[in-house]
Amino acid sequence: MDGFEFSAIGQMRSCYTDKFGIPRQPGLVKSATATLELLPPYNQPEALRGIEEFSHLWIVFVFHRSARDQWKATVRPPRLGGNERVGVFASRSNFRPNPIGLSVVELLKVEGTQLLLGGGDFLDGTPVLDIKPYLPYSDSLPDARGAFANAAPDPVNTVGFAAGIEARIAQLESAKRPALRQLIADMLSYNPRPAYRTDDPGRVFGTTVFGLDVKWTQSGNHVTVVAVERQER
Numbered sequence: 004m005d006g007f008e009f010s011a012i013g014q015m016r017s018c019y020t021d022k023f024g025i026p027r028q029p030g031l032v033k034s035a036t037a038t039l040e041l042l043p044p045y046n047q048p049e050a051l052r053g054i055e056e057f058s059h060l061w062i063v064f065v066f067h068r069s070a071r072d073q074w075k076a077t078v079r080p081p082r083l084g085g086n087e088r089v090g091v092f093a094s095r096s097n098f099r100p101n102p103i104g105l106s107v108v109e110l111l112k113v114e115g116t117q118l119l120l121g122g123g124d125f126l127d128g129t130p131v132l133d134i135k136p137y138l139p140y141s142d143s144l145p146d147a148r149g150a151f152a153n154a155a156p157d158p159v160n161t162v163g164f165a166a167g168i169e170a171r172i173a174q175l176e177s178a179k180r181p182a183l184r185q186l187i188a189d190m191l192s193y194n195p196r197p198a199y200r201t202d203d204p205g206r207v208f209g210t211t212v213f214g215l216d217v218k219w220t221q222s223g224n225h226v227t228v229v230a231v232e233r234q235e236r
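For the numbering used here, add 3 to where a residue sits in the sequence shown, where the first one is 1.
No lab work stands behind these hints, which were simulated from the structure alone. Mixed in with the good hints there might be a few duds.
[To be verified] Ranges of calculated distance between the beta carbons of each label pair, as one might list FRET restraints:
(1) Val207 - Leu83: 41 to 51 angstroms
(2) Leu132 - Pro204: 19 to 29 angstroms
(3) Pro145 - Thr227: 37 to 47 angstroms
[Unchecked claim] Restricting the straight-line Cα-Cα distance to at most 27 angstroms, the calculated cross-link-like pairs of lysine-lysine (DSS-like) are:
(4) Lys75 - Lys112
(5) Lys135 - Lys112
(6) Lys33 - Lys135
(7) Lys22 - Lys112
Where is the CB? At the ideal position from N, CA and C, for every residue including glycine.
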C-alpha cells in the first residue's frame, strides 16, 4: 500500500508550552484553553459555516514532539502504574507508528477563522489535520467498556501555594492567560509526574504554561507551588 501525505489545516495556540504537565486525556482539565488557527488556504470563514451550532468537536492532530523513527509493539500506560505493558493499539499512547492524536474538546467561541476550545490536551504549536463535529447520538456510547481506563481518573493531589505565589499569579493573569490559578491547580491535581515515581519530596519540578515557568514540590499527594515567573529570554 502506498504511503499518504497530509497537510496541516491549522495550528494550536495552547496554554501548554511544555509536554510535562499536559493532562493525559482531554476533558480532565476543563480550565485549559487553546485556540485553533486555520492556515492558508483553509483559513476561509466559509469552511467553518455552521460549526458554532455544535458544542463539542473532534480534533485530529499530530503528536509533533513525539515522532520517532522506530516504534515499539508495546507501551506502558500510566493508568497501569507505568510498569505493565500492553499493545500499542490497546492504548492511547502518543508514541505510535503514526503519531496521530484524536481529542474531543468543547467549542467555546468562533472568531473569524479561529476556534477557542476548552478542555484540550494540546501542546502549543500542535499541527491539526482535521476538525469534525461531535455527534452525541453516535459518538456517546454509555455501555461501552474501557478496560483498564473504564472510568475517568480522580484528581489525586491537593494543591497549595507558597507565600506570595497567589498574589504573583494574580499579577500575571490577563485576557491572554485566563483563570491562571485555576489552570495551575487543576493541572497539578492530576499528578503529571511519571506513574512509576512514588515520592521525591526534595525535588523541585517544573513546566511551562502560557510561557510562564511554574515550579512546585510534592510530598505524598500534596503539591506546593513555589514559583510562577515569566521565562527569561
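Each hint, compared with the structure:
no. : hint                                : verdict
1   : Val207 - Leu83: 41 to 51 angstroms  : violated, 28 angstroms
2   : Leu132 - Pro204: 19 to 29 angstroms : violated, 42 angstroms
3   : Pro145 - Thr227: 37 to 47 angstroms : holds, 39 angstroms
4   : Lys75 - Lys112                      : violated, 39 angstroms
5   : Lys135 - Lys112                     : holds, 16 angstroms
6   : Lys33 - Lys135                      : holds, 20 angstroms
7   : Lys22 - Lys112                      : holds, 25 angstroms
The earlier numbered hints that this structure contradicts are 1, 2, 4.
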